[in-house]
Structures are given as structure tokens and as C-alpha cells.
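Engineer: One letter stands for each residue in the lines below.
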Amino acid sequence: MMKYSPDDRLSLKITAVMDYLPAVMQCVETASIFFGLGRDESLKMRLATEEIFSYLCSRVCRGYPLEIICQGCLSHARVEFHFSVSSLDMGALNITTVVPVQNNVCVTEVGLEVGLIIASRIIDRLNIRTDTQNHVVLSIEQDKSYPVISAHVKTMDIQGELTVEIPDQERIRRFALQLGAADGDPLRPAFFNYPGKVADMVTAGHCFALIAWDASGNIAGGMLYRPLTDKIIEIFSPCVFFEPRRDEISTLLLEECLLKTAKTKTQGLVSLTGLPLLLQPQFEKLGDLTYRRESGSTLVSSAFCRLLHEDPGCQIWTHPTMKDYLEEEYGRLFLARDIHLVQHLGDTKKGESIFGAEMHRERSEVIFRPLWPGDDFSKNLNRHLDLCRKESLNNIFFILDLGVHWHAFLAPSLIKEGFVPKMIIPFAGQADLVLLQYDKFEA
Amino acid sequence: MTNLKLESLVPAYVREFEPYIPSKPDEELKKLYGCKVLYRLNNNENPLGPPPGAQEVIHGFTPPRGAVYPSGDSFYLRRAIGEMHGIDPDSVIVGNGANEVIAFVVKAFCQRGDNILTADKTFAVYEWVATFSGIEARLVPLKDERFDDQAMLARVDDHTKVLFICNPNNPTGTYWNQDTLRKFLDALDGRHMVVVDEAYFEFVEKDDYPNGISLMKDYSNLIVFRTFSKMYGIAGLRIGYLAAHPAVADMIRRTCVVYSVNSIAQEAALACLGDQSGHIERTRALVKESRAYLCEELARLKLPVIANEGNYLIAKLPGSDTLAYRKLMREGVMIRPMTGFRFPNHIRITLAKMEAMQAFVTALKKILGA
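From first to last, the protein sequence lines stand for chains C and R.
The first sequence begins at 1 in the working numbering and counts up by one.
The second sequence begins at 444 in the working numbering and counts up by one.
Worth flagging that the hints you see were computed from the coordinates, not collected in a lab.
There could be a bad hint or two in this list.
[Stated by the list, open to error] The list that follows gives simulated cross-link-like pairs (lysine-lysine, DSS-like), each with its CA atoms no further than 25 Å apart:
{"id": "1", "chain 1": "C", "residue 1": "323", "chain 2": "R", "residue 2": "770"}
{"id": "2", "chain 1": "C", "residue 1": "422", "chain 2": "R", "residue 2": "626"}
{"id": "3", "chain 1": "C", "residue 1": "260", "chain 2": "R", "residue 2": "759"}
{"id": "4", "chain 1": "R", "residue 1": "479", "chain 2": "R", "residue 2": "796"}
{"id": "5", "chain 1": "C", "residue 1": "265", "chain 2": "R", "residue 2": "550"}
{"id": "6", "chain 1": "C", "residue 1": "260", "chain 2": "R", "residue 2": "586"}
{"id": "7", "chain 1": "C", "residue 1": "231", "chain 2": "R", "residue 2": "770"}
{"id": "8", "chain 1": "C", "residue 1": "285", "chain 2": "R", "residue 2": "770"}
{"id": "9", "chain 1": "R", "residue 1": "473", "chain 2": "C", "residue 2": "323"}
{"id": "10", "chain 1": "R", "residue 1": "759", "chain 2": "C", "residue 2": "265"}
{"id": "11", "chain 1": "R", "residue 1": "474", "chain 2": "C", "residue 2": "323"}
[To be verified] Just some of the chain C residues that point at chain R, by a computed CB distance under 7 Å:
{"id": "12", "residue": "18"}
{"id": "13", "residue": "21"}
{"id": "14", "residue": "265"}
{"id": "15", "residue": "284"}
{"id": "16", "residue": "310"}
{"id": "17", "residue": "331"}
{"id": "18", "residue": "332"}
{"id": "19", "residue": "397"}
{"id": "20", "residue": "399"}
Note that the Cβ used here is the ideal one computed from N, Cα and C, for glycine as well.
Model the full assembly from the supplied sequences, consistent with the hints where possible.
Structural biologist: Below, the structure is given as C-alpha cells:
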């Protein structure tokens, strides 16, 4: 079996020209196989790479340096395309971009689909992020294929004092098996159903596990958590395998999670998929999200947060459209914020805006983030909403960073088009994030 | 602008370390939280301030003296400390607060691959300094809210260089008596350095509480920390010291930054040592009265309390301590949430003047809906 090392990566530094396409595709496919993907999944990575590389060469950064990094993450493989792009060409990175059907005319309604959206359909996740100096990282990820293990796991009689600790490999596997066999919470992430995937994610450090066991080594329950952002950890509700001691086991697991994270750089724990009633008093409710399933039914999930340190307070920026909402939420959450209103000064904004799109097709979900300001925000937003309708994406979110001045200007268009602010996630961005959910579906 | 690659320049243990963010100045906090007054019950400061002699020093410091360097090694202060404890002044090293002498000790004794040992729920700076210096900090769980001597001994190995004991412990206020401390030192048999941090020494009146400095004659591997920030009320001047066997102090001195302690701090500390005004007795009386009052009020609210030595106690709340911090700030009371000390749902309250204690109790009742 391949020994996992987070430093294992394959890097290709080339110029973005089509002559390299066969080499790039071969490299990505070979790396995907080496990093543990099956033949079908590796082929998907190859095809997505073909779309993306061709697109970058033709529309985005032709002739410029491009670095392609293939990385194995045990449960999935990841390919990153690193490049710089002039601000004039930024608009081409929107997932909605289409090629002109006639010379010099860009007709979005009838244009041809290009690389990014096609690639996003092929693989499991596609994401784009930018940082300063127009450096862009476009990433694609493909999960390994894991069997669903539905074997019945005998419930153990848990006796005596419990130990809660970070488990070794053997316990992770046993816990993952029990987890997979346990009755599923409809909101729990899909990877809970694949014991092998849980074990790989924990081994790779993409997810952390705490497990409670008794003196005989019987597993009483466990809890998974993972980084959501640099400063926020997402926790999943404790899983308890011994009903008579449910409260005790849940409490012990949460307490140990707090102890493990209390002296790290983590500012807070967030639960986006709900918590048992017993643990809710230790958290602050952030808000509710409504998930629309393919069947048309809806599922409401409550999100909670617990900060680990004193709130140092900070400045945030908002458009008057969202001021009342933010003031009310900050008051309810007792968070000290210096709220600044932004206003248009009549200055000229040139260029096309760009949104990052994080797509989770298995949940019919897309999360947009503003990556670049421009003068076409409303039009761009509509293009993205059209795409979501076309792709049957029912759960559409938009995240604004309240610490980024120009993000505040986007609020009026979002609200006009049917987005509703649902919650503030403290310290999840440069300042707090506000999460808006699209809520204007036709009946 | 040059393309600075910090990843290749900064060691991973520094990159990974999250800097401590101190709270904002009071005036900024009052604006942020919309409160008119702010009772500071978060840092275990002495509400009586410095003793009268030290206050005179502060008032009398003339501006032209600001241009003159202080004594680089706190000459007169070390001499006074030596006299007071009956030890060689060269056994004493003064630092810019006790935090600085922690860094001196770690730098002097530890290199990559070494470890330090302390408790999981104690003053955080031992662990921080070790971690951002690339040294492993081994944390031993408290037992019955006190340092667990046997468990600590069991974790010692050949790479253990320094064991940090906070006596009395911040935040639980528990302490090792003379017998426990001696047995612990005997068991280590001089193979490892032992730091006994006595930041709250002057608050403890129990007969069996050991004076670490008096044990130094028997244990050359013992280093004792003291501070002027707590009982002596000059936290704002930043001054503390360590005492150790002269040969040990000589080694530690090699890692010290001279001139780090300013002139006012040195002179005010000197005045503190010579105080005859009854400052310590007044402070002890205030702490005793406040502790009794607060314990009674917290018992009425049915909140579990850990109240032992020191000018602080901790209380367990039914919910999040960090939320309680924010709610109490809105009421003008600043306490210390204890999740960061690995005491989730606990808050630490400085025992201060009755007015502040009453303001805290009123605010706490309000936020708990009691």
C-alpha cells in the first residue's frame, strides 16, 4: 500500500500553449492513478484537465507561465492550476463564460459552453481563488471511489469509565465502520457513509477524530471535525453508539474537542449541520439554512457557533441595504463590531467582475464568492443564476466578507435578485462572513 | 515590490503559532461594547495600585531622566532582592515582567529535540514560549485541580530540560506544600531544572506554603520566579525576576537582553520591597473580603466555584464562557473566559474592590436571567 505523505506532489512548470496539452493530460492521469484513484476517476481528471488547460491556453493566460500541481490527499486527488492573469482578462474566469459565436460579439444566451462549466460537470469539485497581484489558483478535485459497507455492527455494552482521545489507525477504522452502519442523520455529510473514506480523511489530516471507549476498548462514540477556514473549525454532531449513556458520551466528546482546539489558532467552532438539544446551550445559534432536495422537499438545518476566546471586536463594512440586518444580528450575538457604511462616490469602475464558484453537485449546491470587483456585477450575477437554473443547482449561496470594503457594494444586487442574508459566521474571513441564500425559486 | 517567500524563511513552528492578541485599550473596548464604565476583572491586577513609596517614585520621575539608559542589569534592585532573601545578588536576574524571564530560561536550557513539562491547565506562557521556540511542551493534566507530581515525574525523559510548576496555580489557586515540593525535587535528583513560579506568593498565608527561594540552598536545580505585577500593583511597568543558584543564574544571564527593564520600574520595585505602609495586609484583607462575598453570591446562583489561593477564583457557568464574556462586557465588566486555559464554560474573576464585585454579581445575575 502506498505510504501517504502530505508533501507528495507532482509539479509541472510550463508555458500555457496547446502544444503541451497531451503531456499535461498524461501527467494528470498518471498522477491520479499513482495517488490512488481508480481508472474511471483518473480518466475524469484527465478530461477535466483537457477542458481547463485548453481554456486557459485560449482565453485566459495564453503564452504565460503556468504551474500545474497534482496532489494526492488519500481520499481524493487534487490538481491545481496556478497562473497570473491581467485584470482585463479576469472576467474569463467566471464559470459562466461563453465563447462568442460571431466575431467580436459575445452573445451569452447562445454562446458555446467552455472549459470551466464542462470541467465542473466531470469532476466532484471545482474552485477558483485569487490573491494579491492577480495570482489565481484554479483547483479540481476527484474523490476516490469507496464501497458502501452496510455490514451490521453489533452494539457493545459500554461499561465503566470512558477515555476520550485521538484514536490510532485501528480505532479509526472500527469507528468508521460503526459510523457507516449507524442510522444516518439526513444532514450528515455523505462521507460518513463510506468508512474507508472517513479513515483516509482522518489519516490525511483533512478531518480530525475523537473517539470515546471504555476499559474493554469498546467504542462508545466519536466526533469528527475539520478546518472550515484558517480560523474556524467545522464540527459534526457527536455520534453515539450506546444509547443509555448518550448525554454523557456527547458531553465528553464535545468537551475534549474544546480542549483540543482551545489553544490552537482556531477562533471558533461552527456546526452547519445541527447539534443535539443537549449541546445547544453551549453554542450560539447563527441561523437556519433550507436545503432543497432533488425530490422538491426541503430540509432545514440550524447552524451554531462557539467562540474560543474573547471577542476582540473589529471593523466591518456594509451597504445600507444590509445595515439593519447586521445590527440586529450583532446585537443578538453580542459581538462588538464597528459598522461602517460604504457609499458610491461616483468613481468609475472598469472591467469585469469575477465570482469564485465552489460546486458540490452531490448536494446540488453551489457557493459563490466575489473574487474581483467590476462594473458588471448585476449582469454577472444574473448570468450565474441562469447557469444554476440550467444546471439544476437548487441550493445557491453567496458569501460576502464583511472585512472587505468592496464586497459591501454587492449587497443591493444580491438582495434585489432574491438572496436573503441567513447568518453571520464570525471570524471566518478577513472579518466575519455573511452567508446569503438564494430564495426566489419558482413555485 | 520584492517577492518575499516567508514560508522558506520562517520556521514551521513559528508559522504555525498563533500570536496572542491582547485586548484593546479600555477606551476602545468601552466604545465597542457601548459601556460607560469598565471594571477590569480579567488580569488579576491589584485594585489598590502600587504601595505609597512606589507611587512617589512614579510621580517623582523627572522627564530629563527619560534620556538616560537604566541600569542594564538592575544593579540596586538585585542587591535589595539579594539582601531580602539572604542570597547573592548574582543569583538574581530581573526581567521585563516575569514573562521575559520565562523566555530567558527556555533559551538557556532548551534546544531542538528537548521538551519542557508543565500542566495542561496553568499559566499559558510556559507552553507558548516553548512552542514558538520549537521546543515540545508536554502538558500533564491537573489532578483534583492541582499539579500532579507523580504524573509529571512519569512524563520526564532524557530530553526534559525544564519543569514549570505554577505555585499557587493560576487559575485554580491550588498549591504544593513544602513536603510535596521537596519530594518532587528529591525525585528529580538534580537531573532537570525546576521552575517554581511564585507570581502570587504574597497572597498565600497558609503555614505549609513553601518559600521556593529558601529551598534553593538545598536544590541547585531550582529556579524561582517572582513578579511585581500582582501584589505590588506595578503591572504597567513590567518587572519581575528569577532567583537561582549563582552558577545557574550565570548560564541564564547569557541569554538575557540587558537594558530591557526601564528605570521607573526598577526604582518603583525597589520601593515596593521597602514598603512599610501595610500594603500587603490591606491587599490581603480586600481579597479575603471579596472572595467571601463572591463565593456566597455564586453559591446562591448554584454555580460551582474553584476558589483557593491568589487574588482570583473561577466559576463554572451553565453555558459558553466566551458568550458570557461578551454579555458581561456590555454590562461594563471584563472577566477572563477560560476556554483558552482549557477550562471550557469557566470564567476567572479577579478579586477586587467590593464595588467591582457587586457590579459583577449584578451583571452576572442579569445575563443568567437569575
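Engineer: Hint by hint, note whether the structure agrees.
Structural biologist: These are the hints, each one checked on the structure:
1. Distance restraint check for residue 323(C) and residue 770(R): the Cα-Cα separation of roughly 22 Å lies within the 25 Å cut-off, and the hinted pair is therefore satisfied.
2. For the proposed pair residue 422(C) and residue 626(R), the alpha carbon gap of about 59 Å is over 25 Å, so the pair is violated.
3. Between the alpha carbons of residue 260(C) and residue 759(R) the distance comes to roughly 19 Å, so the proposed pair stays at or under 25 Å and holds.
4. Restraint check for residue 479(R) and residue 796(R): the C-alpha separation of about 18 Å stays at or below 25 Å, so the hint holds.
5. Taken as a hint, the residue 265(C) and residue 550(R) pair is honoured in the structure, with Cα atoms around 24 Å apart against an allowance of 25 Å.
6. Proposed proximity of residue 260(C) and residue 586(R) is supported: the alpha carbons are some 18 Å apart, at most 25 Å.
7. At roughly 22 Å between alpha-carbon atoms, residue 231(C) and residue 770(R) fall within 25 Å of each other, so this suggested pair holds.
8. With a CA separation close to 15 Å, the supplied pair residue 285(C) and residue 770(R) stays within the 25 Å bound.
9. With a CA separation close to 22 Å, the supplied pair residue 473(R) and residue 323(C) stays within the 25 Å bound.
10. Between residue 759(R) and residue 265(C) the CA atoms are separated by roughly 24 Å; this keeps the pair inside 25 Å, and the hint holds.
11. Between the alpha carbons of residue 474(R) and residue 323(C) the distance comes to roughly 19 Å, so the proposed pair stays at or under 25 Å and holds.
12. Taken as an interface hint, residue 18(C) does not check out: its beta carbon lies about 29 Å from the nearest beta carbon of chain R, beyond 7 Å.
13. The beta carbon of residue 21(C) comes no nearer than 29 Å to any beta carbon in chain R, farther than 7 Å, and the hint placing it at the interface is violated.
14. The interface hint given for residue 265(C) holds, since its Cβ lies 3 Å from the closest Cβ of chain R, which is under the 7 Å cut-off.
15. Because the closest C-beta pair between residue 284(C) and chain R is about 6 Å apart, less than 7 Å, the hint holds.
16. Taking 7 Å as the C-beta cut-off, the interface hint given for residue 310(C) holds, the closest approach to chain R being about 5 Å.
17. Restraint check, residue 331(C) versus chain R: the minimum CB separation of about 9 Å is more than 7 Å; hint violated.
18. About 11 Å separates the beta-carbon of residue 332(C) from the nearest beta-carbon of chain R, more than 7 Å, and the hint is not met.
19. Taking 7 Å as the C-beta cut-off, the interface hint given for residue 397(C) is violated, the closest approach to chain R being about 26 Å.
20. At a threshold of 7 Å, the smallest CB-CB gap from residue 399(C) to chain R is about 23 Å, leaving the interface hint violated.
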